[in-house]
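Chain order of the listed sequences is A and B.
Heads up: the first sequence at position 230 corresponds to 1050 in the working numbering, and the numbers run straight through without jumps.
Heads up: the second sequence at position 79 corresponds to 80 in the working numbering, and the numbers run straight through without jumps.
Hint data in this document are derived by calculation from the structure and do not stem from the laboratory.
We put the beta carbon where it would ideally sit given N, CA and C, even for glycine.
Possibly wrong hints are sitting among the right ones.
To be verified - Restraint-style ranges between C-beta atoms, simulated for each label pair:
{"hint": "1", "chain 1": "B", "residue 1": "Arg194", "chain 2": "A", "residue 2": "Arg978", "range": "17 to 25 Å"}
{"hint": "2", "chain 1": "B", "residue 1": "Met27", "chain 2": "A", "residue 2": "Pro934", "range": "31 to 39 Å"}
{"hint": "3", "chain 1": "A", "residue 1": "Glu918", "chain 2": "B", "residue 2": "Trp87", "range": "54 to 62 Å"}
To be verified - Facing chain B, from chain A, some residues (calculated, C-beta under 7 Å):
{"hint": "4", "residue": "Ala896"}
{"hint": "5", "residue": "Leu898"}
{"hint": "6", "residue": "Phe925"}
{"hint": "7", "residue": "Phe927"}
{"hint": "8", "residue": "Thr931"}
{"hint": "9", "residue": "Pro934"}
{"hint": "10", "residue": "Trp935"}
{"hint": "11", "residue": "Pro945"}
{"hint": "12", "residue": "Leu948"}
{"hint": "13", "residue": "Tyr976"}
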Amino acid sequence: MLQRYSASQDMAADPSVPTGAGRSDRPIVAMRDVGKVFANGTIALSGMSLDVRPGEFVSLLGPSGCGKSTALRLVAGLGGASVGRIEWPTSSYTHAGEPEREISFVFQEPTLMPWATVFRNVWLPLRLKGVSRRAATERVMDALRMVGLEKFAEHYPRELSGGMKMRVSIARALVTRPKVMLMDEPFAALDEITRQKLNDDILRLWGDQGWTVIFVTHSVFEAVYLSSRIVVMAARPGRVIADLPNTLSYPRSGDVRTTADFAAASREVSEVLHQSMDVDAHR
Amino acid sequence: MSSISMETAGQTAAPLAATAAAESPMRAIFRRFLHVVVPLVTLAVVLLVWQWYVTVYEVPRYILPGPTEVIRAFVADYPMLFSALWVTLSITFSALALALAGGVFVAIAFAQSPWLERIFYPYAVVLQVTPIVAIAPLLIIYAPSTHAVLLMCAFLVAFFPILSNMTQGLKSTDHNLLNLFDIYNATAWQRLRYVKLPGALPYFATGLRIGGGLALIGSVVAEFTAGSAGTESGLAFRILEAGRRLNVPRLFAALLLITATGVTIFFLTSFISHLLLRRWHESALTREN
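Please build the complete structure, drawing on both the sequences and the hints.
What follows is the structure in C-alpha cells.
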C-alpha cells in the first residue's frame, strides 16, 4: 500500500498546490473511525478515517459499493454515522451542539426544481436563510455568471441541456459561498466533452473561491485530473485502502491529459484500484 | 469529394423543404378550421336525422321529442330550468370548493404526521368505498336541511380523490431535493412551502379534474335520493319530476343543461390545471416531435 495517510503532509510541503486563505494544519473536517451499517445489515463503510485540510481537492475513488457516496453523505450530515465521529475542528458549534458547517452539496443528478426558473433555483439556498429576492439578486447573478448562465436566469430547467442543468446545480451550490464543496459524482451522467469542460470549470472555481473540495468519482482520469489527493476505496466492506498525493502541478488544463506525468499518475492510481478489486475477488 | 457530399446534402434538403412548405400558414388555418367545422357538421347531421325520424314516423313527444320540441321546452320553462341549474351549480361548486380545501388540508396534515395518516386514512377509504346513495338516508335524518344533505353527499364524493391524489403528491417529492433542504437546515414549513406543495401540483390538478366531475355526479345522485323542497329544486329533481309527468321535452332540456354543466366543469378544471402546469410540467407542454 502506497504512502498511506502520509499524503497530506507531503502535499502541505508542495508549493505548487494552491491553498485556501488562512490555512493551518488543522483539518477543516475529520472523519474518525467512521462506520455505517444500513438497516438491512449491509456494512456500507467501516473504520474510515480521513483528515481534509483547507484548500485540498480530495477525490474519493472506488468501484460502486465502496461507500464513497455514503462517506460523502455522512460528511454532509445526511444520516448519522453508526460508529465513529465526524469533527469540524475549525467550525463553531451551536447551542444544540451542531457544527455550523459552511458546506454545499452537488448531487449526481442536477436536482433542480422543475417548476422554478433558473434564478429561483439558484436563489433557493439564500431564500431558506431568509434572504429576499431583491437582496439575493446580485449574488444569484454572480453565481450564474461564474458558470456562464447569466443569460438563462428566467429559463426553466426543462429548456436546458444536461450540462447546463449541472451548471445551474453548481451555481446553486456556490451561491452561499461555502467553504467545503461536496460533490457526489456530479458529472457521471454527462457526455465526455461536457464532462471535461465542467472539470475545467470546477478547477477554475476551486482556485478562485478558495474551496475545500471532496469529490466522489469512479473515474481514475477525472480523479487524477482534478485532485490534489486521491483516496482509493474498496468494497465489502466499504473502506479506504490508499491515500495518494497527486503531484501534478496546478493550474491544469486539457493539455495535461496527454502528458507522460498524467499517464504515470493514472497508471499508479489504476494499479492501486485494481489491487483492491483483486483482493475483493479472492474474498 | 466535397462536391459529392454537397450533392447528397442538396438531395436530403429538397424533400425536407417540401414538407416544410406543406405546412404553409393557409394550410394551417384550413386545418384548424376543419377541426372546428367537422364536429359541428356532424352535430347538425345528427339533429337533422333525429328531427326527420320523429316527424316522418310520427313518434309521440312523450316518447321521443324532436330537437325543436326540446328547444320549445327550453324557452317555455326557462325560469324554472335556470333556477334549477343555479341550485345544482351552487351545490356542485360549493361542494368542490369544500372538498378542495378539506382534501388539501387533510393531505398536508397526513404528510406532516404519519401517525395522523395511519389513524385516519382507513376511515377515508371506508367513506369512499361506501356508495353515497346508501349513506344519503342517514344524512337526511342527521342533516338540518335538504340543501345540507346535497352538499354533504357531493362533498363526500369529491373529497376522496382530491385527498388521495394530494397525499400521493406530497409523498412523491424528489428525495435528493429533500436532502438538499436537510443540508440547508430548512424548517418543516419551508419544505412544505418550497418543495412539497409545488411538487404536488400535478397531483392536485388530477384530483381537481376528477373531483370536479364527481362533485356534479354527487349532487345529482344526492338529489335523486334525497329529493328537494320547492324553491330549492335542482336539475336532477326537475328530471325526475318531468319523467313522472311524461314531460319528456323538459326532461331532455334539463338533461342537456346537466351535460353542459359537466362539460363546462371539465373545461374549467382542465384550464386551471393547464394554468398551474403550463410552464414546467411534461403533461402541459406541446412538443414539436
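Hint check results:
For Arg194(B) paired with Arg978(A), a C-beta distance near 22 Å keeps the hint of 17 to 25 Å intact. Separated by about 37 Å at the C-beta atoms, Met27(B) and Pro934(A) satisfy the suggested range of 31 to 39 Å. Range check, Glu918(A) to Trp87(B): about 60 Å between beta-carbon atoms, so the 54 to 62 Å window is met. Because the closest C-beta pair between Ala896(A) and chain B is about 6 Å apart, less than 7 Å, the hint holds.
Evaluation of the Leu898(A) hint against chain B yields a held restraint, the C-beta minimum of about 5 Å falling below 7 Å. At its closest, the beta carbon of Phe925(A) sits 5 Å from a beta carbon of chain B; the interface hint therefore holds under the 7 Å criterion. Checking Phe927(A) against chain B: minimum C-beta separation of about 5 Å stays under 7 Å; hint holds. The beta carbon of Thr931(A) comes within 4 Å of a beta carbon in chain B, closer than 7 Å, and the hint placing it at the interface holds.
Using the Cβ-Cβ criterion of 7 Å, the hint placing Pro934(A) at the interface with chain B is satisfied: the shortest such distance is roughly 5 Å. Hint status for Trp935(A) relative to chain B: holds, with the closest Cβ pair at about 5 Å, below 7 Å. Annotation: interface hint on Pro945(A) holds; nearest CB of chain B at approximately 5 Å, less than 7 Å. The interface hint given for Leu948(A) holds, since its Cβ lies 5 Å from the closest Cβ of chain B, which is under the 7 Å cut-off.
At its closest, the beta carbon of Tyr976(A) sits 5 Å from a beta carbon of chain B; the interface hint therefore holds under the 7 Å criterion.
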